[in-house]
Amino acid sequence: MQITSFLQDKQLTIALSGEIDHHGAKATLRMVEEKIDQYMPTLCILDFRAVPFMDSSGIAVVIHTLRRMNELGGRLHLTKVPPQPEKVLRAAGIDRIVKLEGRELSHEM
Amino acid sequence: MKCENQMVLEFPSKSINESFARAAAACFAAQLDPTLDELGDIKTAVSEAVTNAIVHGYPDTIGTITLRCRILAGNVLDIVVRDKGRGIENVEQALQPMFTTGGAERSGMGFTIMESFMNELKVTSRPGRGTTVHMKRKIQKRGGQS
Ligand SMILES: Nc1ncnc2c1ncn2[C@@H]1O[C@H](COP(=O)(O)OP(=O)(O)O)[C@@H](O)[C@H]1O
Ligand SMILES: [Mg+2]
Chain B
1 MQITSFLQDK QLTIALSGEI DHHGAKATLR MVEEKIDQYM PTLCILDFRA VPFMDSSGIA
61 VVIHTLRRMN ELGGRLHLTK VPPQPEKVLR AAGIDRIVKL EGRELSHEM
Chain X
110 MKCENQMVLE FPSKSINESF ARAAAACFAA QLDPTLDELG DIKTAVSEAV TNAIVHGYPD
170 TIGTITLRCR ILAGNVLDIV VRDKGRGIEN VEQALQPMFT TGGAERSGMG FTIMESFMNE
230 LKVTSRPGRG TTVHMKRKIQ KRGGQS
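Going down the list, the sequences are from chains B and X.
At position 37 of the first sequence (counting the first as 1) the number is 37 in the working numbering, and the numbers step up by one without a gap.
Here the working numbering runs 109 ahead of the position in the second sequence, where the first position is 1.
Calculated from the structure, these hints are not laboratory results.
In the SDA-like style, the derived pairs of lysine to any residue whose C-alpha atoms are separated by at most 25 Å in a straight line are: (1) Lys26/B <-> Asp169/X; (2) Lys26/B <-> Ser124/X; (3) Lys80/B <-> Ser128/X; (4) Lys87/B <-> Lys245/X; (5) Lys87/B <-> Val185/X; (6) Lys245/X <-> Arg90/B; (7) Lys87/B <-> Ala213/X; (8) Lys99/B <-> Ser225/X; (9) Lys193/X <-> Ser124/X; (10) Lys26/B <-> Thr209/X.
Some chain X residues flagged as far from chain B (calculated, every beta-carbon gap over 10 Å): (11) Cys112; (12) Gln115; (13) Phe120; (14) Cys136; (15) Pro143; (16) Tyr167; (17) Asn184; (18) Phe208; (19) Thr233; (20) Arg235; (21) Pro236; (22) Lys250.
Backbone N, C-alpha and C define an ideal beta-carbon position, used for all residues, glycine too.
Extracted from the complex, chain B is given alone in its bound form (with noise of 0.2 Å):
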């Protein structure tokens, strides 16, 4: 996993690189809570457009970084989700609690 971030009006994009799994997640968390540590955004999103698989230890990554965001009275939009990660997200419920934007052009019918 490999994240990149960009930083504009207290706004933090994150982009996330590779697959999530458990033997990832860790560090994958820890990048991304550095990342919000440092600049205190009042929005975080995570761009998940290189993910293109995700296993329930992704959504313990987005359930922590929408907790740190709500501490810090800000929010968390998920942007550029591919079809196996939403359906894991969704399968959850996590579409319930996240916003979803952006979907890419592979959902489209």
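Put chain X with the ligands on the given structure of chain B with help from the hints.
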């Protein structure tokens, strides 16, 4: 039920093997000509079961995990993930969404995802002896040319 093909893998419960196990299952399943969506479901379910064996089955030791994939009549992929680890005290409770005995980095959604991505899920476990997760998934026959 008639078994048309099968493979068995054995590997130590190291987390680096999570990606290996799901990729191996997906490669084996490829002969059923699944869609990308079906392959994604299979990889996800195998990843959940293997991760559970690593994290919960063998919390502080390295043990052996067995992954068996079979193809049954009617385009059915049959998957078994087995560990000889700690076992589950109360399987019914473990299957509940959001139930976890794991730490902050677990979500408790593993079994829920296996259940919704597979057609069948059966968990048998004996405390101190280990856990077997048995899943089945029918792969749709796709009409047309090859
Ligand atoms: N192979 C296993 N060996 C021992 N306990 C297990 C095993 N698989 C699952 N469990 C138990 O079932 C619970 C629920 O599993 P799961 O739904 O995958 O959620 P999570 O892995 O996030 O805890 C685990 O927290 C654990 O207590
Ligand atoms: Mg699990």
